[in-house]
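Start from chain A and add chain B according to the hints.
There are 2 protein chains.
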Amino acid sequence: MKIALLGHGTVGRGVDQIITQRVDGVEVARILELPDRLTEPRMTSNFEDILRDPEIELVVECMGGLEPAHTYIVDALAAGKSVVTSNKAVVAAHFDEFVSQAKATGATFLIEATCGGGVPWIASIEKARRIDQIESFSGIMNGTTNFIIDAMVKQGADFGDVLKQAQELGYAERDPSADIDGIDVRNKTYIAACVAFGCACVEDFPVTGLRTITKADIDLFAQKGLTVKLLGRGVQEDGRYAVSVEPVALSSDTLEAHVPTNFNLLSLVGTTVGELKFYGQGAGMLPTGNAIVQDVIDYSQGRRPVYDFSGELTYDEDLLKGDYVLRTTAEVEGSEPYAPGAVLVHDVNAAQARALFQKALNEDASSFMAALPKEA
Amino acid sequence: MKIALLGHGTVGRGVDQIITQRVDGVEVARILELPDRLTEPRMTSNFEDILRDPEIELVVECMGGLEPAHTYIVDALAAGKSVVTSNKAVVAAHFDEFVSQAKATGATFLIEATCGGGVPWIASIEKARRIDQIESFSGIMNGTTNFIIDAMVKQGADFGDVLKQAQELGYAERDPSADIDGIDVRNKTYIAACVAFGCACVEDFPVTGLRTITKADIDLFAQKGLTVKLLGRGVQEDGRYAVSVEPVALSSDTLEAHVPTNFNLLSLVGTTVGELKFYGQGAGMLPTGNAIVQDVIDYSQGRRPVYDFSGELTYDEDLLKGDYVLRTTAEVEGSEPYAPGAVLVHDVNAAQARALFQKALNEDASSFMAALPKEA
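Chains as they are written, first to last, in our numbering: chain A, 18 to 393; chain B, 18 to 393.
This is chain A alone, in the form it adopts within the complex (with noise of 0.2 Å):
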């Protein structure tokens, strides 16, 4: 089978690496790159060259970015030709219109490498939902702001200086909003509950990064027994569900509080199986050339994967409800005192804490927002 790859930067490589070194009966036959990059005989700048050539039935997508991914990925399935991507932007802005435009033209789009890197994380929903309902899923899906918490805890150092160091590793982009805003983490968990839940996800929900993080918060929570992590997270109950990104002060004794540096941790609870998770690299050249591998494999091997978005759920924001701390010099309304300087807020849903965070962070710039475990 002939495939190309449109973009050969870190994660192309590293899928061109594994196919030619690991995998038979896969040829990667050409390559996109930009017009100054063409550097051996499988590569052109023209997407024509690949759209028009009936040789290539599946396009990999690793470029990045909304656009001309966007456009590529849409002309490839209208073409007939299968997609894979890691491109979780992109899935998370146009995924209903990519499902709509492979259903037209019986076009497969997959899609594991856009969530959790190596992680067998959107094949793992798609089994279990062969059985089972996904009651609810969540997890730590972004390794940046894993690492950053992580050192801080190990190292007992600041938000800034660990930041710094994570750029100098590659762990961390130069602007390092979309970790640290939780925007990566929104992304992914957008995929996820559209997949968890077979329904097109609201585009709308809670997202709080952990921007204004600092020791002292992870000193305040160590002392109650806690480590903090960003979570991405699902519900579904009754023909309703809830989505929400929030840094959650999990118990210490949890799997979640031991995963290390810039690993991720992704779980699901199903009707039957119970609770299952899945920890791996959620990132890097070979991880996530990996995850695209296996997705090509699959498809050559005939998995047809159909995303079916027609589910009818409601969304209800009062199904992630719990307590959350604000660290502020703001008043909270309906606070009451957690610890000097930080307030405890009541039973409030996640779409209740943001508008209090909101509130909290236009009085005082560094707050800090954590929802507790039901349990603590």
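Each hint can be trusted.
Simulated crosslink set (EDC-like; lysine to aspartate or glutamate; CA at most 20 Å straight-line): (1) B/K120 - B/D325; (2) A/K376 - A/E353; (3) A/K144 - B/E143; (4) B/K144 - A/D315; (5) B/K144 - A/D41; (6) A/K338 - A/D255; (7) A/K171 - B/D270; (8) A/K144 - B/D315; (9) B/K144 - A/E143; (10) A/K19 - A/D66; (11) A/K241 - B/D270; (12) A/K144 - B/D41; (13) A/K19 - A/E74; (14) B/K241 - A/D270; (15) B/K171 - A/D270; (16) B/K376 - B/D198.
Just so you know, the hints here were simulated from the structure itself, not pulled from any lab data. For clarity, every value in this text was computed on a predicted model and none was experimentally measured.
Okay, now just chain B, sitting in the frame of chain A:
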């Protein structure tokens, strides 16, 4: 597709319930039961009724035990019927024979439910192997012993009391030997090694259980920042491999150290994907039933895994080498003091450690041994 169940105990009833309530296109048409337990028309006590029924395409063996399970599986495969089983004892004893018999008739042999209950462990090893070499695997594979250790740690209770608790809760058998002597983990490790390394694993590898662990042992390791877990392990390197089952004192900062109650956590390291971990319920009616039904659905969707044990790997016990702690009043050759009543042996392989432990047990039947992690 019509299938038959051999056995209608806990797991068989789980399979029956899940298929009837949640899976379209599969019908449990016949059930093999004891003559005095035939409570409904689908049931028969005569295996020939199933074997000779041309409409039965697949047989699910969930009787447990070696015979007649072994004979029924061989007969079904010889008749060209595919077999799904949750019976780790019979697979560990006859894996090679079952695989040869399946090859001979083109039948399929599926074993997800033999290891890790609802955790997709065997399928994950197979999937990783499509691209990677499995460099190593390890895991908490026995819920009973994990329940016992977890309760000892959390309740500060002693082994005997917690074992009684586990028996009352149905987590441990009346005769707990298979669990606490490591036999159950040995069988799962054997099966995982065959699948992961693509060779017929040696029958005879070091197996140590934790029948003799005491509250004092737990406390001793806790003081060193370590938590004991019973692990099955395998490594592969340069055409050689080794496997072992033994208590390992892991850093309390690992995910393994925080696996609660009767859950399992199974890990593999692949060449390109790196480290992956899989967590879930290792036993129980619905999780194990779920694993069996996943195999049935896989089969109905055309998945036909073919096990191949033709890999010419050499067993080399020196691949699993490390430091061991023995708590014993016996004198241990080449040891140095570790703590009051306990000694440390440096850099021995699992077989050498097992031999030292056997010798210590002969002098002091209450002795306990655990491997130390490489970095400790």
